[in-house]
Amino acid sequence: MKNNYVTIVGNLPISFDLHESMHIGPVIASANSNKSIKFAHATCNSETNLQDMLNSINFQGTNILVPEELFKKYVFFNEVTCLPDFPGIKTLEIDPNNCTPQSLSLMLAVYLKPKVIFLLGYDLNNPIEFTRLKSIIISNPDIRFANICSPRIKKLDELDNSFCDTYLKYQEVIDARK
Amino acid sequence: MPENKFYKYSLKLRWPSVCRNRSVEILKERPDLAEQMNRFREKVSTVLKIVCRKSSYIDNNHSMSGIRIWFESGQDVYDFIIRQPEFNWEIIQELDIMNIITGQLQNFEVVYTPTGVVIA
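Going line by line, the protein sequences match chains E and R.
Mapped onto this note's numbering, the consecutive letters of the first sequence carry residue numbers 130 to 307.
Mapped onto this note's numbering, the consecutive letters of the second sequence carry residue numbers -15 to 104.
Don't take each hint at face value.
[To be verified] Here are the simulated BS3-like cross-link-like pairs (lysine-lysine), alpha carbons at most 30 Å apart as the crow flies: (1) R/-11 / E/242; (2) R/38 / E/131; (3) R/38 / E/164; (4) E/201 / R/-11; (5) R/-8 / E/242; (6) R/33 / E/202; (7) R/38 / E/201; (8) E/219 / E/202; (9) R/-4 / E/201; (10) E/164 / R/-11.
[As the list claims (entries may be wrong)] Which bits of chain R does chain E cover? Going by a derived footprint, with three or more residues having C-beta under 8 Å, they are: (11) 55 to 66; (12) 82 to 93.
Derived by calculation from the structure, the hints in this document are not laboratory data.
No residue lacks a Cβ here, since even glycine has one placed at the ideal position from N, Cα and C.
The shape of chain E in the complex, shown without the other chains (with noise of 0.2 Å):
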C-alpha cells in the first residue's frame, strides 16, 4: 500500500514519541540507534547491528532490509530482506554496505514514493551526509522532505522541494491526520 508520509529516524537521538509518527505512515529505523517503538521498516549494514537487533524484542515483525551480501549470510531469518537496487545509488556513489544506516533508510523512503518524507534526528553535521541528503532531495522533486528539529535550522530551506520544521509544527501535521 502506498503512503502519502514517511517518517525516518536518524542517527540521532530525539525526544519526540515515535508512537505518534505511526498515525501517518511507517516509519523506518537506521539500525539499532532507536528502539522506542516497533518499527514498521529499519535498515542496517553491519552485521553486529544486525544481531543485536534480531534478538531484540523492539525489531520481532519489523522489515529489517540489509545489502544484498549480509542478507545472503541471514536469509533464513524472516525479518531480514534484501535491500532493492535504488535507483540513482551509482550516480551519488553510495556503497549501501559502507554508507550510514540513515543514509539506507532515507534511499528506502525515497523508493517507497511518499508525498512527504519527515526527518527526525537526522544527522547533517557530517558534511558527507549533508551534501548526499542535498542531492538525494535535488534528485527527487516529486517529495517534499521535512527536516524536523527543535530548534528549528535553516539549512534545507533553499531547496525547492525541501524545508526544516519544528516538532510541535510535525505534531500539527500527525493531528490533522489521525
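Based on the hints, put chain R in the right spot on chain E.
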C-alpha cells in the same frame, strides 16, 4: 494458497527420476506415473506437516521438473533442506525469496557445505 499469510520462501523438489520431464500426453498414457506423482505429493505434504512449525503449502501449478513448495518461515526452509537425506529426495539447489518491498521474487543458489547450507 492459504489466505492471510505471507509465503516468503519457495523451493522446488524434483519428481522421482522416472516421473521427470514427462509431457501431459505421456502422463495420460501412463497412469502409473501419474499415480506415483500423486503419492509423492502426498508424502511431501505429510513431511511438511512434520517438519514445519509455521505454514507451508505445495503449489498446484504443474511443473515437469518437480513440485514447488512455499514456506512462511525461513527456519522451516532450513530444516526442510538439511533433513533431505532423511527423506531421500532431491531439492533443486535454488531458493526463491519474495521481497516484501519490491514484490519481486529473488533467486539464490543453495550451496551445501560440511557445516550446513549457505546461500551464494
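Evaluated hints:
For the hint linking residue -11 of chain R to residue 242 of chain E, the alpha-carbon distance of about 25 Å falls within 30 Å, and the restraint holds. Between residue 38 of chain R and residue 131 of chain E the CA atoms are separated by roughly 29 Å; this keeps the pair inside 30 Å, and the hint holds. At roughly 27 Å between alpha-carbon atoms, residue 38 of chain R and residue 164 of chain E fall within 30 Å of each other, so this suggested pair holds. Proposed proximity of residue 201 of chain E and residue -11 of chain R is supported: the alpha carbons are some 23 Å apart, at most 30 Å.
This hinted pair checks out: residue -8 of chain R and residue 242 of chain E have alpha carbons roughly 23 Å apart, not beyond 30 Å. Between residue 33 of chain R and residue 202 of chain E the alpha-carbon distance is near 27 Å, which keeps this suggested pair within the 30 Å criterion. Taking the CA atoms of residue 38 of chain R and residue 201 of chain E, the gap is about 22 Å. The hint holds against a cut of 30 Å. Proximity of residue 219 of chain E to residue 202 of chain E is assessed by CA-CA distance (about 24 Å); at most 30 Å being required, the pair is judged to hold.
This hinted pair checks out: residue -4 of chain R and residue 201 of chain E have alpha carbons roughly 19 Å apart, not beyond 30 Å. Taken as a hint, the residue 164 of chain E and residue -11 of chain R pair is honoured in the structure, with Cα atoms around 27 Å apart against an allowance of 30 Å. Evaluation of the coverage hint for the stretch 55 to 66 of chain R: fulfilled, as 6 residues show C-beta separations to chain E shorter than 8 Å, against a requirement of three. Given a C-beta distance limit of less than 8 Å, the hint that chain E covers the stretch 82 to 93 of chain R holds, as 6 residues qualify and 3 suffice.
The structure agrees with every numbered hint stated previously.
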